[in-house]
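Chemist: Below, each chain spelled out in residue letters.
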Amino acid sequence: MAFADKTGEGRGRVSLPNWLRRTLVTLGSIAVTMLGLLFVTFIIGRVMPIDPVLAIVGERASQETYDQVYRELGLDQPLLVQFAYYLWDVVRGDFGMSLLNARPVAEDIARVFPATLELATLGTIIGVVLGVPLGVVAAVRRGSWIDQIARVVALVGYSMPIFWLGLMGLLVFYGILGWVSGPGRLDIFYQDIVPTRTGMILIDSALAGNWSVFGNAFSHIVLPASLLGYYSLAYISRMTRSFMLEQLSSEYVTTARVKGLSERAVIWGHAFKNIRVQLLTVIVLSYANLLEGSVLTEIVFSWPGIGSYITTALLSADMNAVLGGTVVVGLIFICLNILSDLLYRVLDPRSK
Amino acid sequence: MNTLNRLLTGAAVGLAIAVSSVTMTVAETPPNMLVIANRIDDITTLDPAESFEFAGSDVSRNVYQKLINFDPMNLDAGYQPEIAESWTVSDDGRTITFTIREGLTFHSGNPVTAEDVEFSLRRAVILNKTPAFILTQFGFTEENVEETIVAEGNTVRITTDKPYATSFVLNCLTSTIGGIVDMETVMANEVDGDMGNAWLRTNSAGSGAYSLVSWRPNESVTLQANPNFYLGAPAMERVIVRHVQESASQRLLLERGDIDMARNLNPEDIAGAREAEGIKIHDELRGRLMYLAFNQKHPELSKPEVRQAMKYLVDYQGMQDSFLSGQYTIHQNFLPRTFLGAVDENPFSLNIEKAKELLAAAGVPEGLTIEAGVREAQERIEIAQTFQNALSQVGIQLDITVGTAKQILGRYRARELDVYIGAWGPDYPDPHTNAGTFAYNPDNSDEANATGLLAWRNSWDTGGLTEMTDAAVVENDTDARVKMYADIQSQFRDTSPFVVMFQKIEQAAMQENIQNVNLGGATTAVTYWVITK
Chain A
619 MAFADKTGEG
629 RGRVSLPNWL
639 RRTLVTLGSI
649 AVTMLGLLFV
659 TFIIGRVMPI
669 DPVLAIVGER
679 ASQETYDQVY
689 RELGLDQPLL
699 VQFAYYLWDV
709 VRGDFGMSLL
719 NARPVAEDIA
729 RVFPATLELA
739 TLGTIIGVVL
749 GVPLGVVAAV
759 RRGSWIDQIA
769 RVVALVGYSM
779 PIFWLGLMGL
789 LVFYGILGWV
799 SGPGRLDIFY
809 QDIVPTRTGM
819 ILIDSALAGN
829 WSVFGNAFSH
839 IVLPASLLGY
849 YSLAYISRMT
859 RSFMLEQLSS
869 EYVTTARVKG
879 LSERAVIWGH
889 AFKNIRVQLL
899 TVIVLSYANL
909 LEGSVLTEIV
919 FSWPGIGSYI
929 TTALLSADMN
939 AVLGGTVVVG
949 LIFICLNILS
959 DLLYRVLDPR
969 SK
Chain B
2 MNTLNRLLTG
12 AAVGLAIAVS
22 SVTMTVAETP
32 PNMLVIANRI
42 DDITTLDPAE
52 SFEFAGSDVS
62 RNVYQKLINF
72 DPMNLDAGYQ
82 PEIAESWTVS
92 DDGRTITFTI
102 REGLTFHSGN
112 PVTAEDVEFS
122 LRRAVILNKT
132 PAFILTQFGF
142 TEENVEETIV
152 AEGNTVRITT
162 DKPYATSFVL
172 NCLTSTIGGI
182 VDMETVMANE
192 VDGDMGNAWL
202 RTNSAGSGAY
212 SLVSWRPNES
222 VTLQANPNFY
232 LGAPAMERVI
242 VRHVQESASQ
252 RLLLERGDID
262 MARNLNPEDI
272 AGAREAEGIK
282 IHDELRGRLM
292 YLAFNQKHPE
302 LSKPEVRQAM
312 KYLVDYQGMQ
322 DSFLSGQYTI
332 HQNFLPRTFL
342 GAVDENPFSL
352 NIEKAKELLA
362 AAGVPEGLTI
372 EAGVREAQER
382 IEIAQTFQNA
392 LSQVGIQLDI
402 TVGTAKQILG
412 RYRARELDVY
422 IGAWGPDYPD
432 PHTNAGTFAY
442 NPDNSDEANA
452 TGLLAWRNSW
462 DTGGLTEMTD
472 AAVVENDTDA
482 RVKMYADIQS
492 QFRDTSPFVV
502 MFQKIEQAAM
512 QENIQNVNLG
522 GATTAVTYWV
532 ITK
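Each protein sequence line maps, in turn, to chains A and B. The numbering used here numbers the first residue of the first sequence as 619 and each following residue consecutively. The numbering used here numbers the first residue of the second sequence as 2 and each following residue consecutively.
Worth double-checking, as some hints may not be accurate.
As a list, the in silico SDA-like pairs of lysine to any residue whose alpha-carbon atoms are at most 25 angstroms apart [claimed, not checked]:
1. B:Lys-130 - B:Ala-424
2. B:Lys-130 - A:Val-687
3. B:Lys-298 - B:Glu-367
4. B:Lys-407 - A:Met-715
5. B:Lys-130 - A:Met-715
6. B:Lys-407 - A:Glu-682
7. B:Lys-407 - A:Val-665
8. B:Lys-407 - A:Gln-686
9. B:Lys-281 - B:Glu-29
10. B:Lys-130 - A:Asp-669
11. B:Lys-130 - A:Glu-682
12. B:Lys-298 - A:Gln-681
13. B:Lys-130 - A:Leu-693
14. B:Lys-407 - A:Ile-661
15. B:Lys-130 - A:Gln-686
16. B:Lys-534 - B:Glu-238
17. B:Lys-534 - A:Phe-807
Rough simulated footprint, nothing fancy, chain B against chain A, three-plus residues with beta-carbon under 8 angstroms [claimed, not checked]:
18. 787-794
19. 802-808
20. 916-925
Far from chain A, by Cβ distances over 12 angstroms, these chain B residues were calculated [as the list claims (entries may be wrong)]:
21. Gly-94
22. Ser-109
23. Glu-144
24. Gly-194
25. Glu-301
26. Ser-326
27. Ala-385
28. Asp-480
Just so you know, these hints were derived from the structure itself, not from any lab. Quick reminder that beta carbons are idealized off the backbone N, C-alpha and C, glycines included.
Can you build the whole structure from these sequences, using the hints too?
Modeler: This is the structure we're talking about:
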């Protein structure tokens, strides 16, 4: 019988150890996802109404110059050939030269990425430190005033344009109150004082033991990071609340309460313990979102990160930079997703 | 979303005005340092042989000296000696011999010699980057530079293919591409025969008032004063230009005292900054023009009366007083004010009745529909809509297509658009730059493919202006030359399918203690070495 034959074949194969099979599947899915990402960004780059040739030669160039640059960029080749060249370059870690500043795109990204990383990390920390307790309390005191406040906080976070909130924050805390420093990562007087090691100024200045630079960098980052933190808080607190509600309504919590455990032990010792894994996934995803989605924040705060890098590149038709930036952001997103997946497997006993 | 953001930003700025005057505590930048907020994301290279963008020209103007240059404190005087102490013109008008000033040095300490000048000009021709046409239009080619650009002792001799007006040649030498580089330093950094191009994109080798400390794309440009500058060490020892995209952010930085000058405030923020204590606004005419153009392949648009009618269908005053407030001024001629040969005659104003008569005389059918292409920039779209409104009153429907540079410029260059609404800036500070694009079209056939000429893009046979432009560019009597451009512009106003509407006014907001600011007018770029505070 057909079915029997198939099972028979299966039995005959050398079975790989479970962990190896899983690793191979994971690596395979990374490769396929990356290939898809590269292909889509490449196609988008080619069909977009942006003319990289015009960006190089300018509006006034003659047709001959235009045609020459067109050929130099390989745009006269078939699309698949262009894609093959592109893939080969990317595999070797070469994103080409930026059309605009004639530097390798990979170097540019290495320069701007730490700025975004620093901002998004601080933003996520703020979001977690405030969002998780807020979500837990909102769930425990469901319907109370604190739950209402949490709801409003989240609603505002979801609906207010980050661009406007950023400008308002600048206006109030920098313009009027003068509590924090303005746009940029450092005051001009503090620039180029500490050596660049990680590209993250807070860490670099701490490593150099230069606390006045650290303080200045902190007063610059605290506002945009709080803003991003607020958006991540809005998301994290809502998710925490719903995870907690689910746990609190389950039977084991009732049992624990009946057993006479203190409310504190029930909430933090039992219910919260059970949502940690889910929560970790949410936090990792929120982190990924901040890493890729802080474009407007970076523009409002003149923050030279990868978001504003890709935007500027896009507006000036610097396709190498756009593709390079997109691939890097995509890679990070994929890695963080896989990380959260792995954490889930490792930490959640049920998934074994 | 965009409109919402604009509204919300407006509200934020309004609030700032309401509360800022009482509560703001103002910081101060150091007395020997100039800090400017500007949009500098247009910089692609700082090599003078290649740089062709506004923010890049700003850097170049301060870092590199040229054979001749403008005096920032007296732009009207025209070009003045700089590296060249003096010059003579041969009898046949084709050869100019420059005598090099003694005692000038590059930032490296090397003396500025005739060989450096020869090298720099030859290099610009050989590299043949985008702005090279400013030099190659005199007949210089890679093959002939050894004969046409020659150093001898302390002189440099350049020989053009025709006897052009000396003022034309000299004006061109004041543009960015005329910057003189330090041959020894540049060639020490040569890679693969690129004549130091890759290195000079991000480094400087000049003899100007400032040297380049660093350029971080989309972040900042830092300049350091040259203590040995031949006019004396500049008062501002360091100049830092910070890239700040948002007008509102620039204004906050300015009002907080964290910067000395903000260069990209929109009309609302200019109005707000004007109210703030300790801030002043500097207005300066720049070279950029806004214009409408009508494709002469269109059977209706090519009628002389229709071309005339269009000039009466633009609400010049209304636009100047509303959304262009303070940032553009009415100007109906292709030479920007302050240019040699510029005229100040603006005979047209919105006149629906007159336009109706002209259109009736031309027999334009009721309900005619034409298409206008606009690039996605707020003020251009608003101009298009205002024009659309006026046209609807004479029974013409204007369909507006908004698009990116690729879409709109591509069709414009292919002579496919009925109407183009756009902007044009002079390439070099000589009247020929705009005369040569607006009023010059030696071959109007499709095969000529002269996409660089605006007259060609609109399929306009200039009716004799091409020959007049050719004559003006070789006229050596400057007064006669001025008169010739006045005549060309007079005929152009009447007959051309172009409606030149506005000239740019740049408004820079700055701390009150900043003195001697000069943004370069219509002819050149900003100068920092005269600034004090």
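Chemist: Holds or violated: B:Lys-130 with A:Asp-669, Cα cutoff 25 angstroms?
Modeler: 18 angstroms, holds
Chemist: Going straight from one Cα to the other, do B:Lys-130 and A:Met-715 come out at no more than 25 angstroms?
Modeler: 17 angstroms, holds
Chemist: CA of B:Lys-407 to CA of A:Ile-661, is that 25 angstroms or under?
Modeler: Roughly 17 angstroms separates the two Cα atoms, so the pair holds.
Chemist: Beyond 12 angstroms from every Cβ of chain A: is that where the Cβ of B:Ser-326 lies?
Modeler: 22 angstroms, holds
Chemist: Tell me if the straight-line CA distance from B:Lys-130 to A:Glu-682 falls inside 25 angstroms.
Modeler: 13 angstroms, holds
Chemist: Hinted pair, alpha-carbon criterion (25 angstroms max): B:Lys-407, A:Met-715. Please report holds or violated.
Modeler: Satisfied, since the Cα-Cα distance of roughly 21 angstroms is no more than 25 angstroms.
Chemist: If I take the minimum Cβ distance from B:Glu-144 to any residue of chain A, is it greater than 12 angstroms?
Modeler: 17 angstroms, holds
Chemist: Run the distance test for B:Lys-130 versus A:Gln-686: straight-line Cα separation, threshold 25 angstroms.
Modeler: Status holds; Cα separation ~12 angstroms.
Chemist: Confirm or reject the statement that B:Asp-480 sits farther than 12 angstroms, beta carbon to beta carbon, from all of chain A.
Modeler: 30 angstroms, holds
Chemist: Classify the label on B:Gly-94 as holds or violated, using whether its beta-carbon is more than 12 angstroms from each beta-carbon of chain A.
Modeler: 27 angstroms, holds
Chemist: Hint check: B:Lys-281 vs B:Glu-29, CA-CA at most 25 angstroms. Holds or violated?
Modeler: 16 angstroms, holds
Chemist: Holds or violated: the region 787-794 of chain A covered by chain B, criterion of 3 or more residues with Cβ-Cβ distance under 8 angstroms?
Modeler: Contact hint for the region 787-794 of chain A vs chain B: holds, 5 residues under 8 angstroms.
The structure meets every hint from the earlier list without exception.
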